[in-house]
Structures are given as C-alpha cells and as structure tokens.
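Q: For this one, chain A is given, so just place chain B with the ligands on it according to the hints.
2 protein chains.
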Amino acid sequence: MSTQDEETWDDDENTIKFLVASDVHLGYAEKDAKRGHDSLVAFEEVLQIAKKEEVDFLLLGGDLFHENKPSRKILHGCMCLLRQYCMGDRPCQLEFLSDQSVNFGHSKFPFVNYEDPNLNVSLPVFSIHGNHDDPAGSGNLCALDILSAAGLVNHFGQHPSLDQIEMTPMLLQKGRTKLALYGLGSVRDERLHRMFVRKSVTMLRPRENQDEWVNILTFHQNRVKHGEKNYIPEQFLDSFLDLVVWGHEHDARGLERNDVQDFIVLQPGSTVATSLAEGETLPKKAFLVRVKPSRKMKFEAIPLQTVRQFYLKDIVLADTTLDPNDPDAADKIAAFCQEKVEELLCRAEEEHTGNKRQPKEPLIRLKIEYSGGFPMFNTNRFGQMFTDRVANPREIIHFYRKKVYEKKSGTKEKWE
Amino acid sequence: MSTQDEETWDDDENTIKFLVASDVHLGYAEKDAKRGHDSLVAFEEVLQIAKKEEVDFLLLGGDLFHENKPSRKILHGCMCLLRQYCMGDRPCQLEFLSDQSVNFGHSKFPFVNYEDPNLNVSLPVFSIHGNHDDPAGSGNLCALDILSAAGLVNHFGQHPSLDQIEMTPMLLQKGRTKLALYGLGSVRDERLHRMFVRKSVTMLRPRENQDEWVNILTFHQNRVKHGEKNYIPEQFLDSFLDLVVWGHEHDARGLERNDVQDFIVLQPGSTVATSLAEGETLPKKAFLVRVKPSRKMKFEAIPLQTVRQFYLKDIVLADTTLDPNDPDAADKIAAFCQEKVEELLCRAEEEHTGNKRQPKEPLIRLKIEYSGGFPMFNTNRFGQMFTDRVANPREIIHFYRKKVYEKKSGTKEKWE
Ligand SMILES: [Mn+2]
Ligand SMILES: [Mn+2]
Ligand SMILES: [Mn+2]
Ligand SMILES: [Mn+2]
Numbered sequence: 139m140s141t142q143d144e145e146t147w148d149d150d151e152n153t154i155k156f157l158v159a160s161d162v163h164l165g166y167a168e169k170d171a172k173r174g175h176d177s178l179v180a181f182e183e184v185l186q187i188a189k190k191e192e193v194d195f196l197l198l199g200g201d202l203f204h205e206n207k208p209s210r211k212i213l214h215g216c217m218c219l220l221r222q223y224c225m226g227d228r229p230c231q232l233e234f235l236s237d238q239s240v241n242f243g244h245s246k247f248p249f250v251n252y253e254d255p256n257l258n259v260s261l262p263v264f265s266i267h268g269n270h271d272d273p274a275g276s277g278n279l280c281a282l283d284i285l286s287a288a289g290l291v292n293h294f295g296q297h298p299s300l301d302q303i304e305m306t307p308m309l310l311q312k313g314r315t316k317l318a319l320y321g322l323g324s325v326r327d328e329r330l331h332r333m334f335v336r337k338s339v340t341m342l343r344p345r346e347n348q349d350e351w352v353n354i355l356t357f358h359q360n361r362v363k364h365g366e367k368n369y370i371p372e373q374f375l376d377s378f379l380d381l382v383v384w385g386h387e388h389d390a391r392g393l394e395r396n397d398v399q400d401f402i403v404l405q406p407g408s409t410v411a412t413s414l415a416e417g418e419t420l421p422k423k424a425f426l427v428r429v430k431p432s433r434k435m436k437f438e439a440i441p442l443q444t445v446r447q448f449y450l451k452d453i454v455l456a457d458t459t460l461d462p463n464d465p466d467a468a469d470k471i472a473a474f475c476q477e478k479v480e481e482l483l484c485r486a487e488e489e490h491t492g493n494k495r496q497p498k499e500p501l502i503r504l505k506i507e508y509s510g511g512f513p514m515f516n517t518n519r520f521g522q523m524f525t526d527r528v529a530n531p532r533e534i535i536h537f538y539r540k541k542v543y544e545k546k547s548g549t550k551e552k553w554e
Numbered sequence: 139m140s141t142q143d144e145e146t147w148d149d150d151e152n153t154i155k156f157l158v159a160s161d162v163h164l165g166y167a168e169k170d171a172k173r174g175h176d177s178l179v180a181f182e183e184v185l186q187i188a189k190k191e192e193v194d195f196l197l198l199g200g201d202l203f204h205e206n207k208p209s210r211k212i213l214h215g216c217m218c219l220l221r222q223y224c225m226g227d228r229p230c231q232l233e234f235l236s237d238q239s240v241n242f243g244h245s246k247f248p249f250v251n252y253e254d255p256n257l258n259v260s261l262p263v264f265s266i267h268g269n270h271d272d273p274a275g276s277g278n279l280c281a282l283d284i285l286s287a288a289g290l291v292n293h294f295g296q297h298p299s300l301d302q303i304e305m306t307p308m309l310l311q312k313g314r315t316k317l318a319l320y321g322l323g324s325v326r327d328e329r330l331h332r333m334f335v336r337k338s339v340t341m342l343r344p345r346e347n348q349d350e351w352v353n354i355l356t357f358h359q360n361r362v363k364h365g366e367k368n369y370i371p372e373q374f375l376d377s378f379l380d381l382v383v384w385g386h387e388h389d390a391r392g393l394e395r396n397d398v399q400d401f402i403v404l405q406p407g408s409t410v411a412t413s414l415a416e417g418e419t420l421p422k423k424a425f426l427v428r429v430k431p432s433r434k435m436k437f438e439a440i441p442l443q444t445v446r447q448f449y450l451k452d453i454v455l456a457d458t459t460l461d462p463n464d465p466d467a468a469d470k471i472a473a474f475c476q477e478k479v480e481e482l483l484c485r486a487e488e489e490h491t492g493n494k495r496q497p498k499e500p501l502i503r504l505k506i507e508y509s510g511g512f513p514m515f516n517t518n519r520f521g522q523m524f525t526d527r528v529a530n531p532r533e534i535i536h537f538y539r540k541k542v543y544e545k546k547s548g549t550k551e552k553w554e
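From first to last, the protein sequence lines stand for chains A and B.
If you read the first sequence in my numbering, its first letter stands for residue 139, the second for the next number, and so on.
If you read the second sequence in my numbering, its first letter stands for residue 139, the second for the next number, and so on.
Hints are computed from structural coordinates only; laboratory data are not their basis.
Predicted, not measured: the structure shown is a model, and the values here were computed from it.
It is possible that part of the hints are untrue.
Remember, identical chains collapse to one label, so a pair may be satisfied in a single copy or spanning two.
Simulated crosslink set (DSSO-like; lysine-lysine; CA at most 27 angstroms straight-line) [unchecked claim]: (1) K207 - K169; (2) K478 - K190; (3) K246 - K494; (4) K246 - K211; (5) K211 - K172; (6) K169 - K246; (7) K246 - K190; (8) K155 - K430; (9) K169 - K211; (10) K207 - K246.
Isolated chain A (complex conformation):
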C-alpha cells in the first residue's frame, strides 16, 4: 500500500479513482448576508474537482446538509449543482457486482443511479447520512433520500435495526481493481459503542477471493474521545479494512495510519467552518484516492480554493506588556487586539488563493485569556470597525478565563 511504481498509476483502465469530501453542511449560516452561500460554493468546487479529475465516483462522509430539513433554497441549490455536474455522457466504468437491492434496500429505486437506463449519470455520488441529516419522521427518510429519489445521489449505509448492524459492502470493480465499499450512516455514539462492545456490528465480506478486495468503510462518528463511551475507538473497527473514511470530525486531519489495526484513516474534515474553533482553521480539502489491482492506494490532498479563509489567534493578556491597572487598560487592550486583527487581515490578503469565488472577508477569531485583573472591552463596538473586512465582525473577540478546579483524580485545568 505504498506509493511506488509511479508510472503505472496512469493505467486508467485498472485504476479506480475517487474523490472524498465530507461534512459539506449545505445551508450552514444560510441567512447570513455574507456567509450564506459559502457552503454551496465549496460543494460546487468539490464537484468541479471531481469532474475535472474524471473520477469514477465522489464519496461523501455525511452531513451533506446542515439542517435535517434543509430549506427549499438549499435543497434546490444542491439539486441544481448535482444535476449540473453529475449528469453527462461520460460512461461510468464501475461494474457493480453486489446485490443492489441489498445495498440500497431502503430506497424506492434500489439500484445505483448510473445503471438507470433513463438517466445519463457521468459522476456517481455515494453518500452516507450524518447526524445533521439523519433519517427522521414519517417514513424514516432523510434529505439524501430526496436526492436519491431524483436519481442524483446513491444513499448507502442506512441500516434499519437499532440493535444489530450487518454491513453489506457495495462491490465495485473496474478492470482488475476491486473495491468493497462499506458504509454506516451516523448512529448515536453511545449506542454504537455499546453495539460494538456486544459484538453486534458485523461486516460481511465477499465469499471468494477475499484478498483481492480493497476494503473501505465510510463512517460518521466521534473519533475524538468525549467521555468513555461517547466515541468509537479505531480498534473497534475490523482490521481487514484498508481505509476508513471518517466523517463528522471537522478538522481536516487528512491521512493517518493506524499501525495496530493496519489501516489508514482518512479524515477529510468539513468543507465549511461551522464553528470558530481551532480545528476548523486547518485548510479545507478534498482527497483524491487511486486504487490499483495490487491493492495499492495513492492519496492526493486537494486544497479547496474557494473556501472562506479563517484565522484564529490565541492571546494571553498576562503574557503581554499590557498593564491591567492602567486607567486606560480597556482601550489599550482593544487597540492591541485591533492591531492583531489587522495583522491577520494582512495575512489573509497575502494568502488569498486568487480564486474569484474565494471571499475577500475572512473569518477572524481572537481568543483572549484575560485572567489577572484585565478588563474586557465592548466587543460589538470593536466588531463595527471591521464590518466590511471581516465575515464575522460581531464574533471576532472571545474572552475567557482559565479556571482551576479540583477533580477526584487530582488538579486539572479546564477552560471556561
């Protein structure tokens, strides 16, 4: 699974090439005058990359929609993009070998869209659902099912039972390369954790020539530990897997090898920042994956050019030369912060991709630790200075204090 034999990667007939993105969160901040289109713009770029790279499919890791019930505008916008980029004459070369009525058993059209003789699909999209766009309500449908009914997306990885999950992979072959694509739409972490512990999660494997298949799981769960059972440890996952595409986590961590399990975890991260947290500052990306008959995989991170820039700076006032007892301390701190914002704006200008669709106004966040008697200043008034130059003027400043508290196991620091 190394990346040798560079020249043979051009053997298109035997190379499965797909693009991975996740947590597109269409509709995030859709009512924000500045940021309202960010999520759709990033999705369009992902589709453009997929089209340009002539991939065999686009794989999405869940949370395509930010809201369980997307607004009409967002659903419409999404469908228009999919129809624009996914329909066309280029034939899809993937042979679908598994029983589609099992893979898409929950669907009214239980077959892959590119085999529908009435639709010219040039770019198949496979997606699991996330926790934001999970099935709900009468009929247990999710927003993806609307796209699926239109033949625009192949929604997979939906499992009906609450107690037992048996994953049947989609078996895809191109030339001599064989891909077993497993999916598991978002499940509440505690529940799934419990199911794993009880051995109630099983992954079926092809009966014959098991060793010839590259096994990929698309997953949408907490990877970061939020309490004992509120995440899924990587070692819970079967070690026959070659690749886990891990959605839900918004940090674009990209590729990491798990040596114990002997698989690679690809955490694409989100394509739009849905919070002003550190992790969302990592440059947003899509990932190109190539797979060869030898089961070798090659990965290529493709930085998105249209995503709004986001800079976050940590400031500890006690570490500066500012004096908390200065009668003008509040004004001086504000002036200091203004300077920092200006610096970040300079950096944003320098680092702008030049892509016309990348907005000029970045997201800026100053996290200001003000312990030690420092006064706060009016953050609204501060933001007004940057109304035209920052995308989130009212949320630039975040004051916090270090909090020290006792815990059974000893003293720990916690951030307020």
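A: Relative to the frame of chain A, chain B with the ligands by itself:
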C-alpha cells in the same frame, strides 16, 4: 371545434393528445391514519392514465401540493411517482418551437425536460403553481421548482412582476397540429382582477399564421364570484383563446362553453376532496384532450377509480316526521341520522368501483338543518358507531340553522 370525423382522431402523428388534472393537493390530511395516502393514490392513477393513454403530455392546473412546504414524505412520494411514470424510452414527439429560455426563464435549467440529453423523459408534465404551492421565501421558489430542478416537471407560467403580466406561450407542434400553451400561476384574485381592469395582462401571440394555433390558457383563480373583485370573470380573458383549463375550483364541473367569449372552459376539479362541501362530491376526473390540425378538439372525461367516495346529504328536520317536543327527540334524531348514514354506506358499497386501491370507507356528511326547536345530539358519540366504516367518523354530522337577516338591498337568507 365539434367532434365529427371520428375516424380521423386516430391519426396519431397529427393529433396532440394530453391529459388534464388539477388540484391534486398532495399531502392533504397526510397525518390522518385512514386518509393519509389518498392524495398520492389519486395522483398515481392520473399518471397511470397518462401512461396508458400514451399522451403527449400531462397538464396540471396548480395546487399539486397541499402545503407550501410539503413534508419530506410527500415530496419524496411525489418524486418517486414522477420518476416511475414519467421516465422511459418512449420519445416525446412534441416539437418545442418557442424560446424556452423565455418560457422557463425563472428556472436554473431553462429548457423543457424532454430535451435534456441526460434524461429519458417519456411523459412530460407541465404545471403552473397554485395558491397552495406558490413561490415564497428566499429565492422565490415553490415546491414545483424542486421537481423542476430534478427534471421531473416543467414548471411554467411563473411571472416575476407584480404590476404587469405578459404571457408568452409555449409553442408546441406535432405533425401539423400547433398548440400555444399559456399559463398563469396563481395570483391573488383582487390583484389580478385590478391588473385585468388596468389592461396590464397581455397574452403574446405567434407572429405568423396566428390562425393555425390552438390557444390554451392554464389558470388558477377564483371562477366563482366571492365579492366584486375576488374572482376573475371569464370575459376578462382574451377571446382568441380556444380553451381555458381552470384550476383552483375543486368542483369537477368539466366542460362548459362560454358563447360570448367563444372558448371552452375545462374545470377539472380536484382529485381529492379537501373539504366536506357539496362541490367535492362530484365524481373526480381527469380529462383527455385531443387536438387536430383543423384546430378541432375532442374531450373525454375519465372518472378516477381510486378516489375515496364522498356522499353528502342535506336534511331539514322540520321537513321530517320528527317531533321537536318529543322527550326522546335527541335520540330519535340520532337514530334517524344513523339510518341515513347506513343508506349512504349501502350506496357506497354498491357504487364502489371495485378497484383495489379505492378505499372501502367513504366520506359521509349529513348537513342537518335543525331550526324549529330541534335538539342536537352528541356528534362524537354518533361518530363512534362508524369508526370502522366511515373515513371521517368525527365529522359526519354538521348541524346548522337557517339565519335570516336584513341587508340594505332587502331580505336575504344566509347559512350559518
Ligand atoms: Mn456530524
Ligand atoms: Mn458535520
Ligand atoms: Mn386547490
Ligand atoms: Mn387553489
């Protein structure tokens, strides 16, 4: 425009044949355990008729959806039906001669769906929007636009201006038959009435060979006078029209000739009863229309076989032998009404179409005029006798009293 020359109606190459339905109200009573599927069942029957008759298109008169924001289940159900019945290999033989970017100017895909090389459309659907599913919110989109983005419906007759309407027809030709299809999505009646009075509504006509075109308008307004300006008088409409397909009115009145204007009004009515009013008892229908090069039209009413039966009976207690002063009057009236319901249930059983999808439990309404000192009885308890046999047990009985009141112009009767 008579119906002579029967034999030549089989000249398929020169006959445009289309099906008309209206006010499908998908999602009406969707949460009612019994009636929840009625609207979808009727729509499916309409699509089945269109398919069986191999029509050139299906024309819908608005209010396809009952709610402006249909539930996911209903939107999904609608899309599945459209994909099932409207996609296929049978080529559409209608030449589209007008400028599609004008006809579908509001659409992201401003062309008719059957000319999209990526979609195999066998049954084009043309629809205007009604007042129930009119454009609203950000982007001024309506539920039809979701279907249109999916390539499942051609949404026409949307006009951007609030002061001025200029209708450009879709010009459709098959062999030697030419159809100019005008559409006007629902407009608030008072406003449209005012626009007509101000001569702000114009209908453009093809420049050449005007006399060869059959001119059809699809319309969704009050036809019945609800106050001076709260409807559109037929004489407001251009007399060059040959046919007006009049949606919005739920009574299946069918065909009526307007001799003054020299056009035919086809009022299809709704395909599901959305109220227990008299007009909704008229048998629900779709209408087959054939048009020949001579501009002759032939109409065929097709009664729907799957629509829930609805019987309404008017009872005036004073006209019966019942005695208001009988100490058991309430019980006796209830018994009398029970007998009437039984009679209607018998009639329903006799008149059931035999179609498996037509529900066994009809809608039953007794309108009881109880003036003259008659007591009322408990309608809930009454309904409980028919829980299993009537679709609307709690709403069978409607008591009302004749109310006489003075009006400026004299004495009039009004119903409470
Ligand atoms: Mn998530
Ligand atoms: Mn997410
Ligand atoms: Mn209606
Ligand atoms: Mn209406």
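Q: Now tell me if each hint is right for this structure.
A: Going down the list of hints, with the structure as the test:
no., hint, in the structure
1, K207 - K169, "both (15 angstroms within a copy, 18 angstroms between copies)"
2, K478 - K190, "neither (39 angstroms within a copy, 71 angstroms between copies)"
3, K246 - K494, "between (41 angstroms within a copy, 22 angstroms between copies)"
4, K246 - K211, "both (25 angstroms within a copy, 12 angstroms between copies)"
5, K211 - K172, "within (16 angstroms within a copy, 33 angstroms between copies)"
6, K169 - K246, "between (33 angstroms within a copy, 21 angstroms between copies)"
7, K246 - K190, "between (31 angstroms within a copy, 22 angstroms between copies)"
8, K155 - K430, "within (9 angstroms within a copy, 54 angstroms between copies)"
9, K169 - K211, "both (11 angstroms within a copy, 25 angstroms between copies)"
10, K207 - K246, "both (20 angstroms within a copy, 22 angstroms between copies)"
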